[in-house]
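Two chains, each in its own frame: build the complex with the hints.
Protein chains in written order, with the working numbering: chain Y, 11 to 277; chain H, 307 to 597.
Just so you know, these hints were derived from the structure itself, not from any lab.
Each hint should be verified, as a subset may be incorrect.
Result set (DMTMM-like, lysine to aspartate or glutamate): computed pairs, CA atoms no more than 20 Å apart in a straight line [stated by the list, open to error]:
| # | chain 1 | residue 1 | chain 2 | residue 2 |
| --- | --- | --- | --- | --- |
| 1 | H | 314 | Y | 107 |
| 2 | H | 309 | Y | 44 |
| 3 | H | 314 | Y | 173 |
These stretches of chain H come out as covered by chain Y in the derived footprint (C-beta under 8 Å, 3 or more residues) [what the hints assert, rightly or not]:
| # | segment |
| --- | --- |
| 4 | 331-337 |
| 5 | 391-398 |
| 6 | 412-418 |
| 7 | 421-435 |
| 8 | 555-567 |
Derived list of chain Y stretches under chain H, where covered just means 3 residues or more per stretch with a C-beta under 8 Å from a C-beta of chain H [as the list claims (entries may be wrong)]:
| # | segment |
| --- | --- |
| 9 | 55-66 |
| 10 | 176-190 |
Idealized CB from N, CA, C, for every residue including glycine.
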Amino acid sequence: MKINKSALVMSLYILFLMLPIYWLINMSLKTNQEILSTFSLWPNDLTFDNYLVIFTDASWYGGYLNSITYVVMNTIISVTVALPAAYAFSRYRFMGDKHLFFWLLTNRMAPPAVFALPFFQLYSSVGLFDTHIAVALAHTLFNVPLAVWILEGFMRGVPKEIDETAYIDGYGFFTFFRKIFMPLIASGIGVAAFFCFMFSWVELLLSRTLTSVDAKSIAATMTRTVSASGLDWGVLAAAGVLTIIPGALVIYFVRNHIAKGFALGRV
Amino acid sequence: MKKTINQKAWFMVLPVLILVAFSAVIPLMTVVNYSVQDTFGNNEFFWVGLEWFEEVLHSERIHDALGRQALFTIIILTIEIPLGIFVALHMPKRSGLWSSLCLVLVALPLLIPWNVVGTIWQIFGRVDIGLLGYMLDQMGIDYNYTQNSFAAWCTIIVMDVWHWTSLVVLLCYAGLKSIPDAYYQAAKIDQASRWAVFRYIELPKMKGVLLIAILLRFMDSFMIYTEPFVVTGGGPGNATTFLSIDLVKMAIGQFDLGPAAAFSLIYFLVILLVSWVFYTVMVHSDTKDMS
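So here's chain H without its partners, still in its complex pose (with noise of 0.2 Å):
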């Protein structure tokens, strides 16, 4: 759509801009503020510069964090997003009682809240009253999320695919939709195989949402804090610690403002500079399929 040039348009923004302003603006200077200053109480603060940056940049806890936040991510995208589209190829094309109860149980697990789903895990993966934990005892299997690490990796990973791997699929569910029989009529004379409808009309139909929903799991596996918090609280040991929960500790937990802050912006541009980045090839897809 041709969009007319209008300055007064400002006005209609200014709401969102002063609440936005309130609420992240004032906020992130607070952070900025904190993050060259260091403070021995009293409210008396004293310029640092940049030392907390440099701290925080060699510090090897924090590598660490990066490292385990880093590889989980990349675990997520792997396995979520090519379930996600599995499972998207696979749902009920035509309306009816059968695709709304999919649609209605698909979408459950995306509104419990975060603790909820913690909780959840955490009983279902225990030894003693969890219906997984007791099927892997029976079996032999050590497992015991609180103790080995190996086990509560294993209990995250399952848990955020349980919770986020429906987000995938009805995104790609909903591209899926938009495409016309015609597609399939006209693959179907030329007799196409399965994997090249797949290749050559689903998977570039789908590259819009998929986008997207690499773009929303990435952005919300770095920041996730809740679950695994309620799971494991961060162990055994650092085992689960990811950035967020990393930060907490440091902030609300020890107090240490200054590193604190300086963890936070970098951890910030970190994802903003990858979410920049997918939001350019986005708008750059989105453009090119309207002209």
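Isolated chain Y, as found in the complex (with noise of 0.2 Å):
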């Protein structure tokens, strides 16, 4: 009876999860006729070619490797720099590091929006906008501090002996980091690339202010074509729908580790 009562909970939950979706996936299949004139629960003409624009219009499918673009230079600048930091957090003590690490997470907690302008200043006199490492520099804002938080927690789960054998045995600081301490962190990093990938990917603000046409984001081109070409709601939704999929295939390969990323490894 207990179980029935769960699997009825989670059964709600996820239709209301999951209604809305589908509504989006409904609409990418229909036509824009169809869409207006009738109201119907799956497609009555089923088509693909709302997805057929996407592919084959430079200006939709250029928003997506755009986007990708940025999303992968910013994870991997971010988990550089994290990693060295998380390590020296999870291990020593130095003056001011408690501080250090709460003015990171403050970081994380300034509103994009009071950044927007600083940042398409800044870009601009340096001759950053409109340029992919602009948006992905200026995501690290975000992403380092909580790339250092993840870290730092899947770091602390790793006993200090280890450390100390290594060095015993002869390991330099370097051939130990990556010959031994990765591979047991292995998941924290792949926890943390997986954020940074996240928060990367669904960010609007700050990716719409600093491009403008040769790096805009599938986010800005979404948005401007709403306000811009009128409303063409099926290729709108077909867009929607393909930017669920990148999320939708990597959440599968960390679904055990999710919550303690979300935790920032405190659990």
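Here's what the structure looks like:
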């Protein structure tokens, strides 16, 4: 009886989560005419034209490529700089470490709206406006602190004796870090990378402010299409569905660690 | 774990410091600069001291936005936290296909780009083409989120619940999973009621993750921008103009740099203050658990 009740609650909750997504998929498979003229729970006149528009129009699929480019750049930068810092925080005490740690977290708290204009001016003045690297660097604002926090949480779980044994065995710091330590926290690195990927992927405000043509993100492409060329609901829905897919794919691989990542490595 | 004192660890933190200084400190200083200066264009600035701060602190418009923001955050927290705990208690405990499926589907809304979340609900709530709007309309309920501010509020709140409750669920689920089976067996022997099990076993174990959940939900709902921007654009009128939307309107729409900068700093400080309180409580309970 108890199991049934749990299953019922979960089914209802998942139904609540999936309905709007189903509606989006449903719309992406309809023609605009059908969307506006008839109300139906499933497409009567199944069409993949909306997806075809996206895959053939450079301004659409270019948006995906731009987004993926800066997201990957950001993930690599964030995890690379966060690794040594997280190690330092998890193993050593040094002057101002606690303040530094909190200060890093404050960057996660900073509203992107506060930083939009200064970022625009900063990157314009150094000639990086409308490049992928500008968005990647801007997103490090919240991703680096996040990566440090998550990695630190995972590294705390590795006993310090391992480090000491390795040093006694004559490993240098870099060989130790690469050959022994990194494999031990591989899942932590995976989770940190996943979260950097995710938060860079879902962010709109900064990526929209910092790009105009060459590096325009898919999120910006979507909002601009809505306001500019009227309401092409079918294509908009198809574009939305395509942005969900990467997340849905990656999430499967980290499903057992995802909660620990959200807890910033502190469960 | 006992940590050794090593000042050279600073070198390992250095790359992060340089990067974050570039992407946080320089822009922040720009904001501070604007907040104490005025300009007539041509890049000529002069010092106005704290004038902008006084203006912002006395501005009706910002008081209203702050009020709406606070109300929104409070509503969000009172719905999402209990609902998240409730759902987490019903998550399947044994791992298997069903539990994997639940995890993936529950986490899915968190990975959707925020503007797409907005788009989904914009479509879903429309009276002519959206399932929700259509159903409500058929039931004879007057629902139009572009004209009725109460409907707009409901839409945004339901959207946020849809989007972020999963975060609370996942965090609580992780907390629950760390409870050893022996605790439940002991409770069974003592014939503890379901409520007692929750109150004295599950809740204390979830305390740490719950604090993180509240902290994250507070921060993010206080900074909310993209979703309401896409769904309602801050309207109807100013009904759903939250702090971030108002700030972007002021800074980029009207280019009132001085007041916008002063506003930014106050905004940031409010978040910082509340988060600091949470953080202190969190670290405190963390160290207490360990000792």
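Here is how each hint holds up against the structure:
With a CA separation close to 12 Å, the supplied pair residue 314 of chain H and residue 107 of chain Y stays within the 20 Å bound. Of the pairs offered as hints, the one joining residue 309 of chain H and residue 44 of chain Y is violated, with about 65 Å between alpha carbons and a cut-off of 20 Å exceeded. Proposed proximity of residue 314 of chain H and residue 173 of chain Y is supported: the alpha carbons are some 17 Å apart, at most 20 Å. Here the segment 331-337 of chain H counts 5 residues with a CB under 8 Å from a CB of chain Y, which clears the bar of 3, and the coverage holds.
With a threshold of 8 Å between beta carbons, the proposed coverage of the segment 391-398 of chain H by chain Y holds, since 5 of its residues qualify and at least three are required. Counting residues of the segment 412-418 of chain H whose CB lies closer than 8 Å to any CB of chain Y gives 7, which reaches the minimum of 3, so the coverage claim holds. For the segment 421-435 of chain H, the assignment as covered by chain Y holds, since 9 residues bring a beta-carbon within under 8 Å of that chain's beta-carbons and 3 suffice. Here the segment 555-567 of chain H counts 4 residues with a CB under 8 Å from a CB of chain Y, which clears the bar of 3, and the coverage holds.
Only when three residues or more bring their CB closer than 8 Å to a CB of chain H does the claim for the segment 55-66 of chain Y stand; here the count is 0, and the claim is violated. Three residues within the 8 Å Cβ limit are the bar, and the segment 176-190 of chain Y against chain H gives 0, so the coverage statement is violated.
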